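Note that the protein sequences, when read in sequence, are chains A and B. Counting in the working numbering, the first sequence runs from 1 upward without gaps. Counting in the working numbering, the second sequence runs from 1001 upward without gaps.
Do not rely on the hints blindly, as some may be mistaken.
Derived pair list, reagent style SDA-like, types lysine to any residue, alpha-carbon separation capped at 25 Å [claimed, not checked]:
(1) K1164(B) to G465(A)
(2) K1164(B) to A188(A)
(3) K1160(B) to V449(A)
(4) K1006(B) to L442(A)
(5) K1164(B) to K29(A)
(6) K1005(B) to G254(A)
(7) K1045(B) to H404(A)
(8) K1123(B) to Q405(A)
(9) K1037(B) to T443(A)
(10) K1002(B) to M1(A)
(11) K29(A) to E259(A)
(12) K1005(B) to R28(A)
(13) K438(A) to K1177(B)
(14) K436(A) to V1007(B)
(15) K176(A) to K1006(B)
(16) K1005(B) to V14(A)
(17) K1123(B) to T443(A)
(18) K1002(B) to V14(A)
(19) K1153(B) to Y330(A)
(20) K1005(B) to N25(A)
(21) K1160(B) to S5(A)
(22) K1160(B) to L6(A)
(23) K1160(B) to V17(A)
(24) K1002(B) to T443(A)
(25) K1006(B) to V449(A)
(26) K1177(B) to R28(A)
(27) K450(A) to K1005(B)
(28) K1123(B) to L442(A)
(29) K436(A) to G1010(B)
(30) K1153(B) to F39(A)
Every beta carbon over 10 Å from chain A, so not counted as near; a handful from chain B, in silico [stated by the list, open to error]:
(31) E1003
(32) V1025
(33) K1102
(34) E1117
(35) S1148
(36) H1179
To be clear, the hints were calculated from the coordinates, so they are not data collected in a lab. Bear in mind that the values here come from a model prediction, so they are computed numbers and not experimental data. Idealized CB from N, CA, C, for every residue including glycine.
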Amino acid sequence: MLFNSLNFIIFLAVVLVIYYLLPKNTWRKVFLLGASYYFYACFNVAMLAILLFETVIAYCYGLKYNKSKGLLTTIIVLLLLPLLCFKYLNFMMGTVGDVLSLANVTMQMPSFELLLPIGISFYTFMAVGYVVDVYKGKIDAERNVLDFALFIGFFPQIASGPIGRAGQLIPQLKEKQPLLYRNITAGARMMLWGFFMKLVVGDRAGIYVDTVFGNYMHHNGTSLLLATFMYTIQIYCDFAGYSLIAIGAARMMGIELMENFRRPYFATSVADFWRKWHISLSTWFRDYIYFPCGGSRCSTLMTYRNLMITFLVSGLWHGAAYNFLLWGGYHGINQVLGKLLQPAKDACRNALHIGDASPVRKVWDIALTFCLIAYGWMMFYAPNLEFIVDVTKGYLHLGEPYIHQTTIFFFGIGFMLLLLKDFKDEFCAERIALFKEKHSMLTIGWNYVKYAALAILIVWIGVLGGGQFIYFKF
Amino acid sequence: MKEIKKVALGVIAMALLLVAADWAVGSWSEMMYRTSKSGPYNKQKYCLNESKEDLLILGSSRASHHYVSKILEDSLGMSCFNAGSDGMCIYYSYSVLSSRIKRCFVPKVVLLEVMPEDCKVSKDHSFTLDGTLEAISPHYGEFDKIDSLFYIKGFLERFKLLSKTYLYNSKLAELLKSHWSFSNATKGFEPLDGVIASIDIPRYTKEDKCVVDRAKVQCLTEFINLCMDNDIKLYFCYSPRLNYKKDASLQYLFDIAKKYNIRVYDYDMDNIYIDSMYFYDGSHLNNLGATRYTKEIATCLKYDLNQSNR
């Protein structure tokens, strides 16, 4: 059951009605857990066993935990085991084979046809995060199995996050959430915008991207650049759209999930980008990999090493392939270079009398960061390393771009609206909040009209084929 | 209680607004569709609601670009319309034919330009049921047999079809174009001008294995039955392609034709058409090729029709 399907809308509506009709919070939680497992089983019933395995292991650790590092390590290995088997086994075998072939040893490595369970990377990280937090004493171990199972399996976030933290989510699950108008409207608004991003902008861009990148040898540099730009927008709209639908669905039940995207393409540096992109994952890596490695509280060289480790792991988390590793490394190097070049950049700006608040500086930084990120997304898309090399070379051969009129027309409409909204939220949020305060009645009426129009626009120009979300692969 | 009332009022207000907006946008789109002056929607509208010709050509872009209606009309002495449409497969042909029968304008002869995608699973959106339904959705509710195609997609599809805007999903660009662009089509035939560049000439390509799409085969069978029940003379054609090898799915179609005693005009490996001057691209004849090919088909068809009339 995909978020971008009518089945999900009906499912959510039924869940919401029953959820708010149930008088006791325990009943609500039992119902929500059942609904969540049903939602997950819709993808593949057998994979429910892995979700239950993760839940049981992490829960049992909470019951029996002590300060033994050995036990912690064992539990983490156990939790990571399904992820390693389903996602990385073939990659590891392939890598061993590649290394052996470098040493002139020919060996046929076995390859397994394994179906990657939806959301495994997300709920595994939630379970690992919980176990580590309990070990470090940041949170108390959860004794209520219902609360814990719901924390891991809560349906809005199970397939692609946000990667929730126990300390933030479990207390909310314990409280009975009242039916509030503001929660329903805020949730519905988020979901609607999420659908817009996914169906109107993301999926539309995907048509052009797949056409050009799918046949990249026959397209000139201009088309490749346009496809790279559109993929950059597509992946943002696809994933941020998914996150908004997830956060909105939870919000309608009175539960606030972690914000996952904060207009990342207005970032002024690659480091800034990672503070705005997939926030729940970035902070997870920061807390459970970067900080334990020493973070930035060590020598400069060690800080750079920690950054590289974190981003290489992040690359691998996204997929078991060399291009993801390369993508992670690329982001790590960008961060390191960003830090190294900072003094030179500052000196340059001083010489040109460009102040910190200068709009020229801001626009330049945003544009440069966008280009760096966009090139990274091309690597992310790449099915093999040859693709990266060929497309990079191809960028240089400019010419008349391939234009699919209908696709570009619909994408253009969606992209302009997206740009307008993100620009407004990034740069004019305070002024608009003040205006809304002054004219609250007008705002309510305007909101209804605006969101009805948005809903109809989605039906009118969106891609309604029920396409998969990109991050489901991870 | 106050909150429940607020939520209920909000839901009702939103529902009313949605219904109004859906009606407004859907009605405007419908008006644009009904008044389109050129392009695929104008042709589709004509095929489904107005066409009365005796000879009907059905199929995909290979039909619309390969059969010169005027030549067939002059040779056979019967009115002809080329209803072929880009990216369409047997579902679309079935829709057009059933609409003609429903309107009591039964064609005397049907030429079906077959292709492997009429019986095998298609990898992309073209040549699928979804592709056809997306195209013919403005005609939902007009013909029972067309509606039955929508119901294949399940119960929820009926629910979606309640929205007037949904019927015109992703059609805005083409609707706008259909009012301001010019089409050089004559009686449905859409000539292609230009010759394939030598660099684009395909090598002999081996097509994919035949993975039969049962639903398509069923639709094709129903299509044949429609013709038989209404005394329509049905012919299968396979027009020339450049450097393609015949694949198993095409043979599957020819076997079906044999089973129902349908005459097949197979020009796939015709030696005349190995010359790239007749081609616009690997799969499509240009105007020159189409003219020559149609003349040949017209001769064969004339002979066969005369034989069958004796």
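**Prompt:** Can you list which hints this structure breaks, lowest number first?
**Reply:** 5, 9, 10, 13, 17, 19, 26, 28, 31 and 32
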